[in-house]
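So the chains spell out like this:
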Amino acid sequence: MHPRYSRLIALCGFVLLWQVAAWWLASRSLPGPLAVLETLWQQLLSGELLFHLGVTLLRVVVSFTLAMLAGVALGILMGSRRNWDNWLDALLILGLNIPALVTIILCYIWLGLGETAAVLAVALNKIPTVVVTLREGARAIDHELLQVAQVYRLSRWQTFHQVYLPQLYPYLFGAARNGLALIWKIVLVVELLGRSNGVGFQLGNYFHFFDIQGVLAYTLAFALIVLALEALLLRPLERHVNRWRT
Amino acid sequence: MSFLHVDLQHKIYPNGVCTLQDLHFAADKGEFIALVGPSGTGKSTLLNLIAGLDSDFHGSIHYPPDTSLSFMFQEPHLLPWLSVEDNIRLVLDAPARQADTQRFTRMETLLEQLDLTDFRNSFPGQLSGGMKRRAALVRAFVTQPGLLLMDEPFQSLDEPTAQGLRQLLLQLWEENRPTVLFVTHNLNEALLLADRILFLSARPAHIILDYPVPLARPRPPETHQLQPLQDELLQQRPELLCGIPTFYQPGQG
Chain A
1 MHPRYSRLIA LCGFVLLWQV AAWWLASRSL PGPLAVLETL WQQLLSGELL
51 FHLGVTLLRV VVSFTLAMLA GVALGILMGS RRNWDNWLDA LLILGLNIPA
101 LVTIILCYIW LGLGETAAVL AVALNKIPTV VVTLREGARA IDHELLQVAQ
151 VYRLSRWQTF HQVYLPQLYP YLFGAARNGL ALIWKIVLVV ELLGRSNGVG
201 FQLGNYFHFF DIQGVLAYTL AFALIVLALE ALLLRPLERH VNRWRT
Chain B
1 MSFLHVDLQH KIYPNGVCTL QDLHFAADKG EFIALVGPSG TGKSTLLNLI
51 AGLDSDFHGS IHYPPDTSLS FMFQEPHLLP WLSVEDNIRL VLDAPARQAD
101 TQRFTRMETL LEQLDLTDFR NSFPGQLSGG MKRRAALVRA FVTQPGLLLM
151 DEPFQSLDEP TAQGLRQLLL QLWEENRPTV LFVTHNLNEA LLLADRILFL
201 SARPAHIILD YPVPLARPRP PETHQLQPLQ DELLQQRPEL LCGIPTFYQP
251 GQG
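Top line first, the protein sequences correspond to chains A and B. The UniProt record's numbering puts the first sequence at residues 1 to 246. The UniProt record's numbering puts the second sequence at residues 1 to 253.
No lab work stands behind these hints: they were computed from the structure. Errors might be hidden in some of the hints.
[Unchecked claim] Computed beta-carbon distance windows for the label pairs: (1) Ala10(A) to Gln102(B): 55 to 63 Å; (2) Phe104(B) to Val102(A): 54 to 62 Å; (3) Arg156(A) to Gln102(B): 21 to 29 Å; (4) Asp85(A) to Ser39(B): 49 to 57 Å.
A virtual CB, placed ideally from N, CA and C, is assigned to each residue, including glycine.
Please model the complete structure; the sequences and the hints are all you need to start from.
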């Protein structure tokens, strides 16, 4: 069966299971998919959902970009230079293991409850995992191909862009996937703790009023965006980049 | 005045092993030289030194600084994510070659000549071993090299394919006349291709025989026709045999 159909069937199965569970429990704590969809629709019409979603998405994009740029640069540096690796390794371990909440609180206290602190806190949480992935990639670089580049006197840009970077693509995609997943989660916590808009802030409100339908409606909107990003951006890009692997 | 001068006092690996010692030779412009010696003696290291890939040695290596250099490695080393054509274009787009207006015409001619036109858009992973080598040959000759280094480029191919590639190489060499250093441990191959054969000793390697091949060109393409010459050579200098695989032992058949 085409993978597209298997993915679709898996998702439908999940929704069906949800519906059955909602019927069976018949509880206020678990509204069915239709009720949630209805709330989603209302929120969409009022414009509120789109506003908060937009704010959150912007934060995700900015902190994701920051984290990837810094993480890729550091990862390549540590993977290709033994010296840098020795110096930075202890800090990396520290960065990997500091709880997200600590970074967030410290950023808010030191930089104030602003947008900079929010975005920075998210990026700081993500950078170490990008570094670890890209460091593996840089360690696995095929030096014989770099010799080809050297012998035929390719420019630095040609060497980086056509010989070096393509070897890192699998690692870049891995880091981007994990990165997106982690950043969604942390952005919401950051918003809950110190912002007055965004999906995290809204979920906090619904929590106060015990409005589960609202919580699930936002979650659903979120899930749809993630699936769309994967299907429309990441997977086609990956397929294009990997078309030589037959 | 020779084109290439190699005067090596020694090359020592970081682990202390001395691989080349007192190795001296010169090559004329357009000369085809084969380097033959037991495996593991540092023939590849020698090519890396000449190519400038490794500068950690005592001695000197000289050729004109504006020499365009090509290198064919043991494996074709095409970039697997670029099509055959893009692999060649990548080399042609290097800054040093941008002024060369004929370069793409030359690429077309070579693709045609080596029968790769239909595969120009294929990725290396879709090609056979022989076709990959042909693409690597195009890449090596498209830059009009003054010096061409070849490190057992036809090893690990079946004999008919290798034989075809040797003929193509000879044809391209006749047309372009680069100075060639061809590393091999196949004496037959060296006798077929080279003007001169430099026999290397076991480690630490130096030259034990500088042998001008006494054959006119074009040479007989069939390996068994070169056999009497090989037998004669090995009978005179049996020490050359060490580490060199031969198809037949001397005096046999």
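Here is what the structure says about each hint:
1. Ala10(A) to Gln102(B): 55 to 63 Å: 57 Å, holds
2. Phe104(B) to Val102(A): 54 to 62 Å: Holds, since Phe104(B) and Val102(A) (Cβ atoms, about 58 Å apart) stay within the stated range.
3. Arg156(A) to Gln102(B): 21 to 29 Å: Once the Cβ atoms are compared, 26 Å apart, the range 21 to 29 Å for Gln102(B) and Arg156(A) holds.
4. Asp85(A) to Ser39(B): 49 to 57 Å: With Cβ atoms ~35 Å apart, the hint is violated.
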